[in-house]
Amino acid sequence: IERSDVTQGRKAAVQRRIHQSLQETGGSRHIITPGCGIRYPLREDILMYIHEIIHHSCQ
Numbered sequence: 001i002e003r004s005d006v007t008q009g010r011k012a013a014v015q016r017r018i019h020q021s022l023q024e025t026g027g028s029r030h031i032i033t034p035g036c037g038i039r040y041p042l043r044e045d046i047l048m049y050i051h052e053i054i055h056h057s058c059q
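Numbering-wise, my numbering puts 25 at position 25 of the sequence shown, and it's gapless, one number per residue.
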């Protein structure tokens with residue numbers, strides 16, 4: 001996940017990158033992280049959105 005997508009709230013880009021990564025690896029034993037540290041301020045709604053995408057993608 002690109003840090004700027006997370007910090008700037010680009011939900012479509014975050015979702016696209018997560019789905020692409022899961023497709024490339026088959027979703028098995030996968031850890032989703034940004035490519036580098038995420039600095040504050042960080043919107044909680046974006047973190048919850050990422051959690052929901054991952055949760056629903058792995059079902």
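Hints should not be assumed to be uniformly reliable.
[To be verified] The list that follows gives simulated cross-link-like pairs (lysine to any residue, SDA-like), each with its CA atoms no further than 20 Å apart:
hint	residue 1	residue 2
1	Lys11	Ser28
2	Lys11	Gln23
3	Lys11	Leu47
4	Lys11	Glu52
5	Lys11	Asp45
6	Lys11	His55
7	Lys11	Arg29
8	Lys11	Arg43
9	Lys11	Ile54
10	Lys11	Ile50
Derived from the structure by calculation, the hints contain no laboratory data.
(message) Hint check: Lys11 vs Gln23, CA-CA at most 20 Å. Holds or violated?
(response) holds (18 Å)
(message) Given the hinted pair Lys11 and Leu47, is their Cα-Cα distance within 20 Å?
(response) This hinted pair holds, its Cα atoms lying about 10 Å apart.
(message) So if I understand the rule, the pair passes when the alpha-carbon distance is 20 Å or less; does Lys11 with Glu52 pass?
(response) holds (12 Å)
(request) Take a quick look at whether Lys11 and Arg29 sit within 20 Å of each other, Cα to Cα. (result) Violated - the C-alpha atoms of Arg29 and Lys11 are around 23 Å apart, more than 20 Å.
(request) Would you mind confirming whether the straight-line C-alpha gap from Lys11 to Ile50 stays at or under 20 Å? (result) holds (8 Å)
(message) Would the hint linking Lys11 and His55 be met if the CA-CA limit is 20 Å?
(response) holds (15 Å)
(request) Take a quick look at whether Lys11 and Ser28 sit within 20 Å of each other, Cα to Cα. (result) violated (23 Å)
(message) Next pair to validate is Lys11 with Arg43; report whether the Cα-Cα distance is within 20 Å.
(response) holds (12 Å)
(message) Given the hinted pair Lys11 and Asp45, is their Cα-Cα distance within 20 Å?
(response) Roughly 10 Å between the alpha carbons, so the hint for Lys11 and Asp45 holds.
(message) Check the hint pairing Lys11 with Ile54 against an upper bound of 20 Å on the C-alpha distance.
(response) holds (13 Å)
Against the hints set out earlier in the document, violations occur for numbers 1 and 7.
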